[in-house]
Structures are given as structure tokens and as C-alpha cells.
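*Asks:* Could you put the whole structure together from the sequences, leaning on the hints where they help?
Which chain is which? The protein sequence lines are U and P, in order.
Following this note's numbering, the numbering of the first sequence begins with 1 at its first residue and continues without gaps.
Following this note's numbering, the numbering of the second sequence begins with 1 at its first residue and continues without gaps.
It should be emphasised that the hints constitute simulated quantities derived from the structure, not laboratory data.
Check each hint, because a few of them may be wrong.
Claimed, not checked - In silico SDA-like pairs for lysine to any residue, Cα to Cα no more than 20 Å straight-line:
| hint | chain 1 | residue 1 | chain 2 | residue 2 |
| --- | --- | --- | --- | --- |
| 1 | U | Lys99 | P | Ser95 |
| 2 | U | Lys42 | U | Gly1 |
| 3 | U | Lys71 | U | Arg51 |
| 4 | U | Lys99 | P | Asp56 |
| 5 | P | Lys14 | P | Pro83 |
| 6 | P | Lys44 | U | Arg107 |
| 7 | P | Lys44 | U | Ser26 |
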Amino acid sequence: GENVEQHPSTLSVQEGDSAVIKCTYSDSASNYFPWYKQELGKRPQLIIDIRSNVGEKKDQRIAVTLNKTAKHFSLHITETQPEDSAVYFCAASKAGFQKLVFGTGTRLLVSP
Amino acid sequence: NAGVTQTPKFRILKIGQSMTLQCTQDMNHNYMYWYRQDPGMGLKLIYYSVGAGITDKGEVPNGYNVSRSTTEDFPLRLELAAPSQTSVYFCASSSAGKTGNTIYFGEGSWLTVV
Numbered sequence: 001g002e003n004v005e006q007h008p009s010t011l012s013v014q015e016g017d018s019a020v021i022k023c024t025y026s027d028s029a030s031n032y033f034p035w036y037k038q039e040l041g042k043r044p045q046l047i048i049d050i051r052s053n054v055g056e057k058k059d060q061r062i063a064v065t066l067n068k069t070a071k072h073f074s075l076h077i078t079e080t081q082p083e084d085s086a087v088y089f090c091a092a093s094k095a096g097f098q099k100l101v102f103g104t105g106t107r108l109l110v111s112p
Numbered sequence: 001n002a003g004v005t006q007t008p009k010f011r012i013l014k015i016g017q018s019m020t021l022q023c024t025q026d027m028n029h030n031y032m033y034w035y036r037q038d039p040g041m042g043l044k045l046i047y048y049s050v051g052a053g054i055t056d057k058g059e060v061p062n063g064y065n066v067s068r069s070t071t072e073d074f075p076l077r078l079e080l081a082a083p084s085q086t087s088v089y090f091c092a093s094s095s096a097g098k099t100g101n102t103i104y105f106g107e108g109s110w111l112t113v114v
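*Replies:* In C-alpha cells, the structure reads:
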């Protein structure tokens with residue numbers, strides 16, 4: 001089955017810096033890659049996703065890139081703000097109904 | 001449109017007790033899920049359902065049971081609670097498209113077994 005690895009487990013940056021979180025997946029048939037943000041004590045919430053027919057997607061300060069050949073995808077946050085501090089999860093699944101497989105999470109801390 | 005609603009939000013159980021976590025969604029999603037999240041860890045799938053009357057095991061189903069009698073409801077039953085079941089439980093739902101399924105989570109249920 002699919003296996004998703006996520007790095008780093010913890011990331012500390014200064015406000016205004018960029019943050020990059022990387023994930024790799026094992027199943028070459030996977031074609032849907034969402035990213036979830038989970039604030040302390042809250043539910044995971046979708047922040048951006050990408051499908052295999054595109055290599056990059058941007059939404060304001062957040063972007064996701066996908067390299068299907070290398071089977072990895074990354075989350076990029078620019079101009080980080082303290083409210084970006086949270087745990088971020090990547091995930092992967094195949095077409096149609098397939099269970100999402102989550103990475104282990106990255107705790108991002110943005111210091112003022 | 002409330003999304004995914006789960007109850008209770010907090011519960012303390014004694015070892016050996018049983019309980020049901022309730023989950024309902026009003027988005028007419030076919031697919032529903034139960035995840036557990038241990039402190040500082042990721043999400044592990046307990047059970048899922050692709051429609052009313054159909055359920056299947058996820059990664060960590062032992063000690064749990066589910067049912068799906070309607071599209072809206074997907075309760076999770078804990079039998080003979082054990083300390084290892086202390087966790088945060090998230091119910092979720094999705095409407096899978098041809099190229100992936102966006103999952104929407106409930107607010108979570110914090111369960112402590114003592």
C-alpha cells in the first residue's frame with residue numbers, strides 16, 4: 001500500500017522567512033496530494049491540494065509543487081507569520097475513492 | 001450547513017466500559033471515516049464507509065466497531081475500553097471525485113480511559 005514520509009518533523013523560522021515541508025510517496029499510481037493544517041486543539045483543515053496533472057499550484061502565500069518522477073511533493077509558505085504556527089500534514093491517494101494516507105506531520109513554529 | 005458534527009467533545013471512561021461516539025454530516029457525502037490521533041502523532045484510520053450499509057477496516061480497527069445505517073450517520077463504538085484507546089477521535093467525510101477526495105473533519109472527540 002501507499003506510504004507517505006514527511007520531513008522535517010519540526011521546523012522553526014523567523015517571521016517573514018520562508019518555510020518548506022517535503023513529502024515523498026511510494027505508490028506511483030497516487031495522483032491526489034492535499035495538505036492539511038492543524039492548530040493546537042483543532043481539527044485538521046485543508047489548505048491546498050494538487051492533482052497529478054499539474055506541477056505547481058499557488059494560493060497567496062502558500063504553494064505546492066509536485067514531482068511525479070521523483071514521487072515527492074512540497075509545501076512552500078512565504079512571508080511566514082506567527083499565525084502560520086501549526087502542525088502541517090501531507091497526504092496522498094489514488095483516483096476515485098481511495099483512502100488518504102497521511103504523513104506524520106511537521107510542527108512549524110514561526111517566531112516574531 | 002453544519003458540516004461534520006461529532007459528540008461528545010470530551011469523555012472520560014473507566015477501563016472496561018463501552019461507549020459510542022456519534023458522527024453526522026449534512027453534506028450528502030457518501031464516504032465517511034473515523035481517525036484517531038495520539039498526542040503529537042499523525043492520523044490513523046480506524047474504519048471507513050463508502051456508503052450506507054458498507055463499512056471496512058482501516059489501519060487500526062481492533063477494539064472498535066462501526067455501523068452505517070444512513071448516509072448521514074457513522075457512529076463509532078468502543079467495546080471494553082483500554083488505556084491504549086486514550087486519544088483524539090476525528091470523524092470525517094468526503095465526496096470522492098475522479099481525481100481525489102477532499103476530506104472534511106469534525107471538531108474531534110477527546111477520550112481518556114483511566
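*Asks:* What are the numbers of the hints that this structure violates, sorted from low to high?
*Replies:* Number 2 - this is the single hint that the structure violates.
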